[in-house]
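From first to last, the protein sequence lines stand for chains A and B. Sequential numbering of the first sequence, starting at 1, is according to our numbering. Sequential numbering of the second sequence, starting at 1, is according to our numbering.
Treat the hints with caution; some may be incorrect.
[What the hints assert, rightly or not] Derived lysine-lysine pairs resembling DSS-like cross-links, with alpha carbons at most 25 Å apart: (1) Lys-208/A x Lys-92/A; (2) Lys-91/B x Lys-21/A; (3) Lys-228/B x Lys-241/B; (4) Lys-266/A x Lys-107/B; (5) Lys-32/A x Lys-21/B; (6) Lys-28/A x Lys-21/B; (7) Lys-21/A x Lys-107/A; (8) Lys-32/A x Lys-107/B; (9) Lys-194/B x Lys-32/A; (10) Lys-266/B x Lys-266/A; (11) Lys-32/B x Lys-21/A; (12) Lys-28/A x Lys-91/B; (13) Lys-208/A x Lys-192/A; (14) Lys-228/B x Lys-28/A; (15) Lys-107/A x Lys-266/B; (16) Lys-28/B x Lys-107/A; (17) Lys-107/A x Lys-32/B; (18) Lys-91/A x Lys-28/B.
[Unchecked claim] Here are the in silico distance ranges between beta carbons for each label pair: (19) Tyr-217/A x Gly-169/B: 39 to 45 Å; (20) Ala-259/B x Phe-120/A: 56 to 62 Å; (21) Lys-192/A x Val-106/B: 52 to 58 Å; (22) Lys-223/B x Gly-115/A: 49 to 55 Å; (23) Lys-32/B x Ser-16/A: 22 to 28 Å; (24) Arg-67/A x Val-106/B: 33 to 39 Å.
Simulated from the structure, these hints should not be mistaken for laboratory data. Ideal Cβ placement from N, Cα and C applies to all residues, glycine included.
2 protein chains.
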Amino acid sequence: MSLGIQYISAAYDRISPFIHKTPLIRSKEIDKLCGCEIIFKADNFQKVGAFKARGACNAIMSMEEERLRRGVITHSSGNHGAALAWAAAMKKTDCIVVMPKNASAVKVDAVNCYGGTVLFCEPTMCAREMMVQDFVSKQCSQFIHPFDDYSVIAGQGTIAVEFASQLDGLLDKILVPVGGGGLISGISVFVKDKGGLASQVIGTEPEKARDAADSFYSGIHVKDYEPKTMADGLRATLGVKNFEIISNNVDDFALASEAQIVEATKLIWSRLKVLVEPSAAVPLAAILNNPNYFRGQRIGIILSGGNIDLDNLPW
Amino acid sequence: MSLGIQYISAAYDRISPFIHKTPLIRSKEIDKLCGCEIIFKADNFQKVGAFKARGACNAIMSMEEERLRRGVITHSSGNHGAALAWAAAMKKTDCIVVMPKNASAVKVDAVNCYGGTVLFCEPTMCAREMMVQDFVSKQCSQFIHPFDDYSVIAGQGTIAVEFASQLDGLLDKILVPVGGGGLISGISVFVKDKGGLASQVIGTEPEKARDAADSFYSGIHVKDYEPKTMADGLRATLGVKNFEIISNNVDDFALASEAQIVEATKLIWSRLKVLVEPSAAVPLAAILNNPNYFRGQRIGIILSGGNIDLDNLPW
Numbered sequence: 001m002s003l004g005i006q007y008i009s010a011a012y013d014r015i016s017p018f019i020h021k022t023p024l025i026r027s028k029e030i031d032k033l034c035g036c037e038i039i040f041k042a043d044n045f046q047k048v049g050a051f052k053a054r055g056a057c058n059a060i061m062s063m064e065e066e067r068l069r070r071g072v073i074t075h076s077s078g079n080h081g082a083a084l085a086w087a088a089a090m091k092k093t094d095c096i097v098v099m100p101k102n103a104s105a106v107k108v109d110a111v112n113c114y115g116g117t118v119l120f121c122e123p124t125m126c127a128r129e130m131m132v133q134d135f136v137s138k139q140c141s142q143f144i145h146p147f148d149d150y151s152v153i154a155g156q157g158t159i160a161v162e163f164a165s166q167l168d169g170l171l172d173k174i175l176v177p178v179g180g181g182g183l184i185s186g187i188s189v190f191v192k193d194k195g196g197l198a199s200q201v202i203g204t205e206p207e208k209a210r211d212a213a214d215s216f217y218s219g220i221h222v223k224d225y226e227p228k229t230m231a232d233g234l235r236a237t238l239g240v241k242n243f244e245i246i247s248n249n250v251d252d253f254a255l256a257s258e259a260q261i262v263e264a265t266k267l268i269w270s271r272l273k274v275l276v277e278p279s280a281a282v283p284l285a286a287i288l289n290n291p292n293y294f295r296g297q298r299i300g301i302i303l304s305g306g307n308i309d310l311d312n313l314p315w
Numbered sequence: 001m002s003l004g005i006q007y008i009s010a011a012y013d014r015i016s017p018f019i020h021k022t023p024l025i026r027s028k029e030i031d032k033l034c035g036c037e038i039i040f041k042a043d044n045f046q047k048v049g050a051f052k053a054r055g056a057c058n059a060i061m062s063m064e065e066e067r068l069r070r071g072v073i074t075h076s077s078g079n080h081g082a083a084l085a086w087a088a089a090m091k092k093t094d095c096i097v098v099m100p101k102n103a104s105a106v107k108v109d110a111v112n113c114y115g116g117t118v119l120f121c122e123p124t125m126c127a128r129e130m131m132v133q134d135f136v137s138k139q140c141s142q143f144i145h146p147f148d149d150y151s152v153i154a155g156q157g158t159i160a161v162e163f164a165s166q167l168d169g170l171l172d173k174i175l176v177p178v179g180g181g182g183l184i185s186g187i188s189v190f191v192k193d194k195g196g197l198a199s200q201v202i203g204t205e206p207e208k209a210r211d212a213a214d215s216f217y218s219g220i221h222v223k224d225y226e227p228k229t230m231a232d233g234l235r236a237t238l239g240v241k242n243f244e245i246i247s248n249n250v251d252d253f254a255l256a257s258e259a260q261i262v263e264a265t266k267l268i269w270s271r272l273k274v275l276v277e278p279s280a281a282v283p284l285a286a287i288l289n290n291p292n293y294f295r296g297q298r299i300g301i302i303l304s305g306g307n308i309d310l311d312n313l314p315w
């Protein structure tokens, strides 16, 4: 399986009837504050409120009918579970989402709302994977990994196809939040395979969830890592396929503190008047942390999602 | 001076180079919950984050250069002050905003940010008006009332011109939040003068700031009223010109409790992923309060503004 621009463009053709073409937004005040020109791609307005709809949709729409009839399963504490439930419902197939029993009520409700079935497990990665494996072997359901999966990666990469088609000219840098690495894998393959969009692809992470940055710089896949950030969408650790793709295609990483993530979230809310979750504010937070690195440049930022518990804001 | 559709259309031609054409947004989940089809006009994305930019811009752009050179003044505890400062800056003229000394820091900062000068007064309507009058008589500045002014009303009415041009067919009802009455005056004149948009114009108010509804139903202008609502944009009491226009052109009023305003604000944030202030959520709150009155209909809602202090949310 070789991931390239044609594979991602085919994914875009496959999913575009089902997803929103999300808008680009700007703020003069944020540009002034940051000393650069920032174009935000607002995928918080995407179906299920996050870019995850793209990857889940591509995975489901790529499956053969025969396989699809046996249902799909995933593990997720966040947006991928809701996205898979949404996509599976369009194909009228069952979707099971294994969630840690301490998952937030808002995220559990979202899966239920789209018609998925939630199974609770102990809050460890091992417990999640065992429960999924058990189900797959008994029911023959198809496991759709949240990020370590080529069809999911290609689906996430469709945001780059769309963003490039909405822009005149190239960005200097595209900044992407990194959790398990699905989104940046798709985008960086598109960019490095001459898809356009940007000269450089920069991964951004909370300082307290910097396993991808550490893996990128050391060349060794950091797996034994416990992320401790408020950006709950970025608490996954880097996948195997994702580590390989990032090593080959990403240009650099930039980090941000928890305080800068709060500041950036509030800036986006108050200046752009759009609701994003803290994970989506990490790229802007990374600019606040490294202003000289970005000064005077034309920057693209992916607003990755807008699902946040309004009764438990991180400030 | 006779306010009519031509006057409002002329205002739209005058201000459209300076304002944003704001998008329409929808949510299937909100439609399902409310049992009707709701189309939101997102003027929280307007310049200065509120529809007030329309009225202030029309007032400023309608003034003769000679008059304009002497500067403008207003009193405001909210978005009109920032909007007038923004519009005045485009014409490079001075703008003074008299604000109660207990005005929120966020609103004071906004006026300063657009280059206006804030003068503080005691937090009574009488103190505000006296300070303005004093200034007008000494400096010959032009007073631009926040809502009891035909050029401001016509400017606010431009949202109806724009909304109608974006829609296929008529709405059954257009729901408008009412404070001093500038917005609903402009919209209701446009609709009743055969501008299209909607069959009926419905004013919406917090139950704790129901002076316009009481005035409308009784036919007597209620002036001695102390609004006590979290919807700070609706704490003004109905203007004189506004009372007359509303009496002649509005079809009905609908009210909402404070709890419903919180519920509606959260619904808009979480489902539409856009940031609105509580005042902008009052129309949706009024639907939650009167579901049968709106069931099955095609409803338009003006999202009037998105300026809110994120460190002092009303929940």
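*Among all the numbered hints in the text so far, which are the ones the structure does not match?*
Hints 1, 2, 9, 13, 14, 19, 20, 21, 24 contradicted; others consistent.
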